[in-house]
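Participant: Listed in order, the protein sequences are those of chains A and B.
First residue of the first sequence: 1243, per the working numbering; consecutive thereafter.
First residue of the second sequence: 1243, per the working numbering; consecutive thereafter.
You can trust all of the hints, since none of them are fake.
Copies of the same chain look alike in the list, so a pair counts if it works inside one copy or between any two.
Straight line, CA to CA, 30 Å or less: simulated DSSO-like cross-link-like pairs of lysine-lysine: (1) K1443 - K1406; (2) K1528 - K1502; (3) K1524 - K1476; (4) K1529 - K1502.
Note that these hints are calculated values from the structure, not bench results.
There are 2 protein chains.
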Amino acid sequence: MNQIIIIGKGPAGISAAIYLKRAGVDPIVIGKDLGALGDYKSSIENYYGFDTPIDGKKLIQDGIKQAFSLGVRILDDTVISIKDNGSHFLIITKNETLETKSVLLATGKTRENLTIPGYRKFRGKGISMCATCDGYFYRRKKIGIVGCGQYMKHELEYLSRMTKDITIFTHGNNLDEDLGFPIIDERIVEFGGTDKIGFVKTEKGTHEVDGLFIALGAPSSLEFANQLGLIVEKGNLLVNQEYQTNVPGIFAAGDIIGGKLQIAKAVYDGMEVADYIYKYLKDINKKMA
Amino acid sequence: MNQIIIIGKGPAGISAAIYLKRAGVDPIVIGKDLGALGDYKSSIENYYGFDTPIDGKKLIQDGIKQAFSLGVRILDDTVISIKDNGSHFLIITKNETLETKSVLLATGKTRENLTIPGYRKFRGKGISMCATCDGYFYRRKKIGIVGCGQYMKHELEYLSRMTKDITIFTHGNNLDEDLGFPIIDERIVEFGGTDKIGFVKTEKGTHEVDGLFIALGAPSSLEFANQLGLIVEKGNLLVNQEYQTNVPGIFAAGDIIGGKLQIAKAVYDGMEVADYIYKYLKDINKKMA
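Can you make the complete structure from the sequences, with help from the hints?
Facilitator: So this is what it looks like as structure tokens:
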């Protein structure tokens, strides 16, 4: 059984991993993409300690190397879902299922980087990032799901309980699999509608929808929040002074708990939460002994 | 009139300077030595973002360069004293006197690095780091003062109001000046005594003292605290949630306010305090207008 699994390999997750490792706890870090910083076009000037501006992607990669050098296990994988088994948690990734006593959510915040026209306009107006959050509102409706990987299949499985009228949009990616629903593999050129989304326009046609679920990349923290019953306030995971969510054993740090969306703050969060995770584990391990 | 003078060019001071500069405020940073990190023999592994361990001295120097590149004015000077003039503050350095509306104390904590035998034993037992804190207890007593620069002279001026029986120990440094008190310019080899300091042994002789004041390098934050009437608790400057000391306009951040003595925490403090200084200045500038 693992002691702690950290989801996210940005500043908060890696900083926590470094402090935990040095405190004698063996964390596992799971992450796939480089997060918001990996997308940065511009360089970073306000994070202390670099005499020349540093590229966001390089900073993230150096942080990963730093933790790795200290002996932290880092899995290049996508977490699809988290299950609370009462005494412990199951982390279901694209490749495997891991058991752990505690979890640190440090997934960061997904920046709006889908550049398809209409995306911003209808985000929250029929376009959803979270099947378990909004799926219920589309019972027996006509919906679309955008994605092509494991995460899309996970969302599809959930949504197929709500409605049978689902179209899969791969946005130009190949998907040679029969999933029981029509697959449109052309690139999407526009999301359209009036006050809410009404259709998805691809290179070759227009497809009416009542709602659309985006399941590209990795699940957002909101998705995990919903799976676990975590309290969300104004789009941020609610934590107490010890970075604990309302579910004992589930911690959160970095951008997803709100506050300044700054590297210095995420790094500080990581250092602080490591202490509280350490104490939590010491406590439950004592009780189990 | 300057808006903000930051004393200390370590992680807290420089991080605050960077954030203030980017917020449109022109800070001046004053610092002389490299502080606790500059003394680090070992390298730093737990501050996020470096794929290989980084030398403490290099980190400090890179931080200074980073602020400088953004246009922050950095003075290589020692602050001797700070005076509260009611409407503003006077910063008296070795070289000049500056006026400012607000001050950020980010001097760090002096690590115990005097290696003379007996120093640790009698620290707090007759050996003091702060004339304005402890001078009063040595009225008409026989005291020594260790130092050779501007800071020593500042302490001497204060102590000479308490007693006329003062010996200056330069610890091997030259001091060709008549200061009105005997000067011993040999190296100190031992601090001796029984339950409290009783004598200073140099290469050529032994000198009895009732108390000894260390005035090497730069004044400690405690010294400034005493000059300004700041509240100190357990060796830390007391600040509120907005990093304000009990004297309006005087802020403090980093190691000197306590908490974890970690770079990540000092950098975070710097980012946070910058915001509060910005708001404070906006407020008082509005009142003045």
